[in-house]
Each structure stands twice: as C-alpha cells, then as structure tokens.
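Read off the chains here:
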Amino acid sequence: MKFDKNRRRLVQGLLALTALALVPLRVLARNTEAFQATSPDSALQSLFGDKAISDSDKVQLKVPDIAENGAVVPVTVESSLAGVSSISIIVVENPNPLSARFQVTPGVAANISTRIKMGTSSDVIAAVETEQGVYLARKNVKVTIGGCGG
Amino acid sequence: MAKPVKIRAKLKGEVASIKSLMPHPMETGARKDPEGNLIAAHYIETVTCEHNGEVVVVADWGPSVSKNPYFAFEILSAKAGDTVKVSWTDNLGETSSGETTLK
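In the order they appear, the protein sequences are chains W and B. Start counting the first sequence at 1; every next residue gets the next number (our numbering). Start counting the second sequence at 1; every next residue gets the next number (our numbering).
Rather than coming from a laboratory, the hints here were simulated on the basis of the structure. One should not assume that every hint holds.
Claimed, not checked - DSS-like mimics (lysine-lysine), calculated; alpha carbons at most 30 Å apart, straight line:
{"id": "1", "chain 1": "B", "residue 1": "K3", "chain 2": "B", "residue 2": "K103"}
{"id": "2", "chain 1": "B", "residue 1": "K67", "chain 2": "W", "residue 2": "K62"}
{"id": "3", "chain 1": "W", "residue 1": "K62", "chain 2": "B", "residue 2": "K85"}
{"id": "4", "chain 1": "B", "residue 1": "K10", "chain 2": "W", "residue 2": "K62"}
{"id": "5", "chain 1": "W", "residue 1": "K139", "chain 2": "B", "residue 2": "K67"}
{"id": "6", "chain 1": "W", "residue 1": "K62", "chain 2": "B", "residue 2": "K6"}
{"id": "7", "chain 1": "B", "residue 1": "K19", "chain 2": "W", "residue 2": "K62"}
Kindly generate the complete structure, drawing on both the sequences and the hints.
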C-alpha cells in the first residue's frame, strides 16, 4: 500500500508541474509612465529600470531614410536574439518619445511592422528586450512634412 | 459601434504572416479643429492578438501610432484551421476586433 501512495504522489507532482508549464507567460500592464515620458532616456528608464542597455547588430530596424509624410512612417523591427519578450519603438524628437511597445510570447517571431507619426526629422530607436538585457538599434529619418497635424 | 479589424493571413509552411488594419482616428489630443479648439485625444491603447484563443502578442500603443493603424506580425507553429483574432481597446473604452481562420 505504501508503494501505491508514493506512486500516486509522484504522478500528482508531475501533473502539477506540467500544468505550470502550460501557463502562458505573464504580460505586463500598459506602462502609462513610459508613454508619458518626455525624453527618450526617461522612457527607457520607465520601461526597463536597471536592465543593461546596449547597442546590438542583432536588432534590425527598417525605416525610410526620408519620410515624405511624417504622419505615416513605416517601421519594421526584426531581431535574431533568442527569448525576446518585448519590442519598443521610440522617436527621439517626438513630444512623448515612446510610440509603441509590443509584448511578444515565444509563439510569435521577433518581427513586427507598423506605421508611426513623426513630428519632425528624428532618430528612431528600436529597443528589443530579452532576459539578458535590452538591445538597441537606431536610425535617423528625415521628415519633409511633420506628422502631428499642427 | 467601432469598425471591425481587417485581417489578412498567409500561411507559409508553419509560419502565418498576419497583416491587420484597424480603422481608428488615433487623435493625439494636440491637433486643433478649424475653430481653434483642441480635438480630444482618442487612440488605441492596447491591442491583443490571439492564436487559437491563446494570447500571443499584446501591443501597448501611444497616440503617435499612425491613424488607421497597420500592424503586422508572424505566428510560429501555425497550421490550416487555426484561428487568429486581433482586438483593441482605446483610451475612451471603445473596443473592436477581427478574426480569421488560416487556410
């Protein structure tokens, strides 16, 4: 009888572990402070706190060199880094630099595209986050007509 | 009632390339109307993408995402018959969504 009890405990323990593995990765609530930040540094600080931030050639940021219409600037961020948990887009000269943050799970590729507004010519920063740290790519975009509708 | 999200999905092997388009004014709150009054901020704050009912991407947006936002991403380990849903909530509490089945 003792043998049966131990075996049951083992099976129950294994089942519990399996259940835990199936729980989806936690997604963070919208970081209001980061979206209200008025400088790129404070946006990065709000988003990533003490995490190590460095430039990386494993982050590909695709933006046009010249954007005719600042209201609709296409942006694609791709990364070959493993374990990407989020991808953020920051427009340095915008009044609120953080434009978008994509929280991704292992079920999707680290590859997102969208279109953003740029008020004026500016650097655009892509920040890709993994458990190891935050990796940046940066490109300058010249805007001929500003995109904030002023 | 807010307009639905348009989704175009292409399955290549096990990767589903998803392109979504969401009609929305995405007002920053800084624009003025012809009379000089500020147009209130009205923009999508959160976009949730699901693959077979499981959340795979959550996008947090600010008003500097372009009007009628376009958002493309890729789902891994996808197959025909899978469902993909994209839903959004804006700063005024409005919501909408779109859904498609992979072929």
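Hints, one by one, checked against the model:
Restraint check for K3 (chain B) and K103 (chain B): satisfied, since their Cα atoms lie roughly 24 Å apart, inside the 30 Å limit. Note on K67 (chain B) and K62 (chain W): the hinted pairing holds, with a Cα-Cα distance of about 20 Å set against a maximum of 30 Å. Distance restraint check for K62 (chain W) and K85 (chain B): the Cα-Cα separation of roughly 26 Å lies within the 30 Å cut-off, and the hinted pair is therefore satisfied. Our distance criterion of 30 Å between C-alpha atoms is met by K10 (chain B) and K62 (chain W), whose separation comes to about 22 Å.
The hinted pair formed by K139 (chain W) and K67 (chain B) meets the criterion: a straight-line CA distance of about 23 Å does not exceed 30 Å. Of the pairs offered as hints, the one joining K62 (chain W) and K6 (chain B) holds, with about 24 Å between alpha carbons and a cut-off of 30 Å not exceeded. For the proposed pair K19 (chain B) and K62 (chain W), the alpha carbon gap of about 17 Å is at most 30 Å, so the pair holds.
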